[in-house]
Amino acid sequence: MRIRKVTAADIDLLCPVFVDMERHYEGAGAIGEKEVRVRLERFLRSGHGIMLVAVDEGVLGILSMFEMFPGVALRPVWFMKELYVAEWARGRGTGEALIREAAKIVVEQGGSRLDFTTGRDNVGAQRFYSRVGASEVESVFLRFDEAVLVRLAREETELLLG
Numbered sequence: 353m354r355i356r357k358v359t360a361a362d363i364d365l366l367c368p369v370f371v372d373m374e375r376h377y378e379g380a381g382a383i384g385e386k387e388v389r390v391r392l393e394r395f396l397r398s399g400h401g402i403m404l405v406a407v408d409e410g411v412l413g414i415l416s417m418f419e420m421f422p423g424v425a426l427r428p429v430w431f432m433k434e435l436y437v438a439e440w441a442r443g444r445g446t447g448e449a450l451i452r453e454a455a456k457i458v459v460e461q462g463g464s465r466l467d468f469t470t471g472r473d474n475v476g477a478q479r480f481y482s483r484v485g486a487s488e489v490e491s492v493f494l495r496f497d498e499a500v501l502v503r504l505a506r507e508e509t510e511l512l513l514g
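Using the working numbering, you'd call the opening residue of the sequence shown number 353 and step up by one each time.
It cannot be assumed that every hint is accurate.
List of simulated lysine-lysine pairs, DSSO-like, C-alpha gap at most 30 Å [as the list claims (entries may be wrong)]: (1) K386 - K433; (2) K357 - K386; (3) K456 - K386; (4) K433 - K456.
If you anchor each label on the Cβ, the simulated ranges turn out as follows [said to hold, decoys possible]: (5) E439 - Q478: 11 to 21 Å; (6) E385 - V424: 17 to 27 Å; (7) V502 - E460: 37 to 47 Å; (8) P422 - R495: 16 to 26 Å; (9) E387 - E488: 11 to 21 Å; (10) G379 - P422: 31 to 41 Å; (11) G462 - V502: 29 to 39 Å; (12) D364 - E488: 15 to 25 Å; (13) R391 - R483: 29 to 39 Å.
Source of the hints: derived by calculation from the structure; they are not laboratory data. The beta carbon of each residue, even a glycine, is placed where N, CA and C say it ideally should be.
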């Protein structure tokens, strides 16, 4: 297994695992391959964040993370948005290898921590993260969904123009 940073040239390599991931999380509501390709290409060309890929006999898994500033003592904090290992590739140490490579990058960049979330019902993921050293923190995870964002953006515009 080899782990490396993804580049914009990896679209064809990555598309199947992202389609698989979409189906895994979204089931019948998953977006199709064409839309996966469009969105993945947009991300890869954006230069935002870092994505790692584990490759052996195809793509075993991916990890995406983003630097955030400021953190404690004005040091960067990183957020891992996704760690996904293809179902056929699980149990080979892929997830841990991706986490270890992410840790190297965070440390090299002067980061103070790597934050992430997982579903409360995803007990297997929680066991995995605990085994590799993660600890649960007492924070409340909040979100503005798309409808609220649209409403807030519109209201701000109306206030400024009104």
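Right, here's what the structure says about each hint:
1. K386 - K433: The given pair, whose Cα atoms are some 22 Å apart, holds under the 30 Å limit.
2. K357 - K386: Roughly 23 Å between the alpha carbons, so the hint for K357 and K386 holds.
3. K456 - K386: violated, 34 Å
4. K433 - K456: With Cα atoms ~17 Å apart, K433 and K456 stay inside 30 Å; holds.
5. E439 - Q478: 11 to 21 Å: holds, 18 Å
6. E385 - V424: 17 to 27 Å: violated, 42 Å
7. V502 - E460: 37 to 47 Å: This hint holds: roughly 38 Å between Cβ atoms.
8. P422 - R495: 16 to 26 Å: The hint (16 to 26 Å, Cβ to Cβ) holds, given that P422 and R495 are roughly 21 Å apart.
9. E387 - E488: 11 to 21 Å: Because 34 Å falls outside the window, the suggested range is violated.
10. G379 - P422: 31 to 41 Å: Given about 38 Å between the Cβ atoms, the range holds.
11. G462 - V502: 29 to 39 Å: holds, 36 Å
12. D364 - E488: 15 to 25 Å: The hint (15 to 25 Å, Cβ to Cβ) is violated, given that D364 and E488 are roughly 38 Å apart.
13. R391 - R483: 29 to 39 Å: holds, 32 Å
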